[in-house]
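Numbering (the working numbering), first residue to last: 1 to 467.
Hints listed in this document are in silico derivations from the structure and should not be mistaken for laboratory results.
No residue lacks a Cβ here, since even glycine has one placed at the ideal position from N, Cα and C.
All clues stand as given, with none of them false.
Taking lysine-lysine pairs in the DSS-like style, the calculated list, with each CA pair at most 30 Å apart, reads:
1. K403 <-> K299
2. K184 <-> K44
3. K299 <-> K324
4. K302 <-> K324
5. K302 <-> K448
6. K363 <-> K403
7. K324 <-> K403
8. K184 <-> K448
9. K44 <-> K403
10. K236 <-> K184
11. K44 <-> K448
Across the chosen pairs, the derived CB separations fall in these ranges:
12. R216 <-> A93: 25 to 35 Å
13. A141 <-> G364: 51 to 61 Å
14. L252 <-> Q466: 29 to 39 Å
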Amino acid sequence: MYLYLAWFTLVVFFIKWYSLRRRQNSAPPAPPSLPFIGHVHLLKEESLHLSLSSLSRRYGSVFSLRLGCRPFLVVSSPSAVEECFTTNDVVFANRPDTLAADCVTYGRAAYSLLRTAGTRENEIRALLRVLHGGKKKSTAAATVDLTYLVSTFVFNNMMRVVSGRQLVSEEDIIGGDAGREAVKQIRGVFPPTLTLVSCDFFPVLRWIGYGGVERRLRLIHGRRDVFLQRLVDEFKGSKGTRSTTCLIETLLSLQATDPVFYTDDVIKSVLMVMFVAGTETSVTAMERAMSLILSHPEKLQKLSDEIDENVGHDRLLADSDLAKLPYLRCIINETLRLYPPTPTVLPHVSSEDCTVGGHSIPKGTILLVNVWAMHRDPEQWDRPEEFVPERFQFESERELGHKFLPFGMGRRGCPGSGMALRTVSLGLAALVQCFDWETLSGDVAAAKPLEAVCFAREQAAHIFEQL
Numbered sequence: 001m002y003l004y005l006a007w008f009t010l011v012v013f014f015i016k017w018y019s020l021r022r023r024q025n026s027a028p029p030a031p032p033s034l035p036f037i038g039h040v041h042l043l044k045e046e047s048l049h050l051s052l053s054s055l056s057r058r059y060g061s062v063f064s065l066r067l068g069c070r071p072f073l074v075v076s077s078p079s080a081v082e083e084c085f086t087t088n089d090v091v092f093a094n095r096p097d098t099l100a101a102d103c104v105t106y107g108r109a110a111y112s113l114l115r116t117a118g119t120r121e122n123e124i125r126a127l128l129r130v131l132h133g134g135k136k137k138s139t140a141a142a143t144v145d146l147t148y149l150v151s152t153f154v155f156n157n158m159m160r161v162v163s164g165r166q167l168v169s170e171e172d173i174i175g176g177d178a179g180r181e182a183v184k185q186i187r188g189v190f191p192p193t194l195t196l197v198s199c200d201f202f203p204v205l206r207w208i209g210y211g212g213v214e215r216r217l218r219l220i221h222g223r224r225d226v227f228l229q230r231l232v233d234e235f236k237g238s239k240g241t242r243s244t245t246c247l248i249e250t251l252l253s254l255q256a257t258d259p260v261f262y263t264d265d266v267i268k269s270v271l272m273v274m275f276v277a278g279t280e281t282s283v284t285a286m287e288r289a290m291s292l293i294l295s296h297p298e299k300l301q302k303l304s305d306e307i308d309e310n311v312g313h314d315r316l317l318a319d320s321d322l323a324k325l326p327y328l329r330c331i332i333n334e335t336l337r338l339y340p341p342t343p344t345v346l347p348h349v350s351s352e353d354c355t356v357g358g359h360s361i362p363k364g365t366i367l368l369v370n371v372w373a374m375h376r377d378p379e380q381w382d383r384p385e386e387f388v389p390e391r392f393q394f395e396s397e398r399e400l401g402h403k404f405l406p407f408g409m410g411r412r413g414c415p416g417s418g419m420a421l422r423t424v425s426l427g428l429a430a431l432v433q434c435f436d437w438e439t440l441s442g443d444v445a446a447a448k449p450l451e452a453v454c455f456a457r458e459q460a461a462h463i464f465e466q467l
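Build the full structure now, drawing on both the sequences and the hints.
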């Protein structure tokens, strides 16, 4: 019996050893690691996508990392992305547990986002009135802070969708100080939050409160909760007294029919997603697009000609006109290619063992897709570092497949991409339809804030009369 037991133990050991050896042989390549910390020393938090791009040039478009005790899979090729989000879409449908998710969300409760056309059009009219109203003559030149104006447009648009009112009035935008302070305050409530921090790699650091990261995240969440709860309570107290229906009122009406599911936390979670995912990303995209066309006057002129030919000057363009402006969409796409909203798609985690690129990926592996590297890969794009909107005239987004992913893909793709694209497209097109633009001296791309000189177009006089 002892002999049989020994043989059985030896066989089990051999099977385990062979299985582990086989898995190691089929695992993705990885850089040499250090004890305990793994590969943390190879990454820089402020430019994670650049660190990953440098590693991919050495270890390939599919490689693995160990950050503390967490395994990571990093992909930056269309074929690997397709495999992750089609063949293994269900496996990678989950999000990893992170400190930020625990501290600044309401139990990850949310649902799909709202889209409104009228609100966008009203807010772009307000922006044009601000730009045109401060001039003594309609053709006078003015130097404007585009970063500030774009921010007020995007945040006002989101506040109107959420609560039916503006964040900054037109008078405060023109006045400057009050408007800037309001934008500064709401950005303090909804700052961009790191998706991964060192405490996610080393859970022991969270136990000892390393660096005060959790405390800072909870302070941010506290400010958000106060702001959002005040909005919700305000609408609860003014039920039935408003002439328009906004998102909060819609959610509160659902709460009345199903209070168990539509709790205040669920409502605040939806509002939080709207602000976090729908403001700073849109501000950055619109600002980048303006910066790029200002740096390339021939592209700006081509866009202006397209708008003149397909919309004209009898009226301000609307959401319904965007389909007539294919070159505008090319400019937006090229901006998102060069500057994707999230250079590395929000992390996913595998719910079971799977295979990617012929490599075995164990359950619990965190997936990072380096979109920034894919969008600038010379094997996928001609002149990848240059601003060439025309490249999208010859290939549709569907034909581009999995090499163009500004909003991710699969069942965890960004649900607000349609709203973001329309907001940025409408804002950019209206500014070009109504004004001529010139750059100030210096490097436009490096300017912080982005400033430019605008002239009201004589052809747009009838549009200004209608504002």
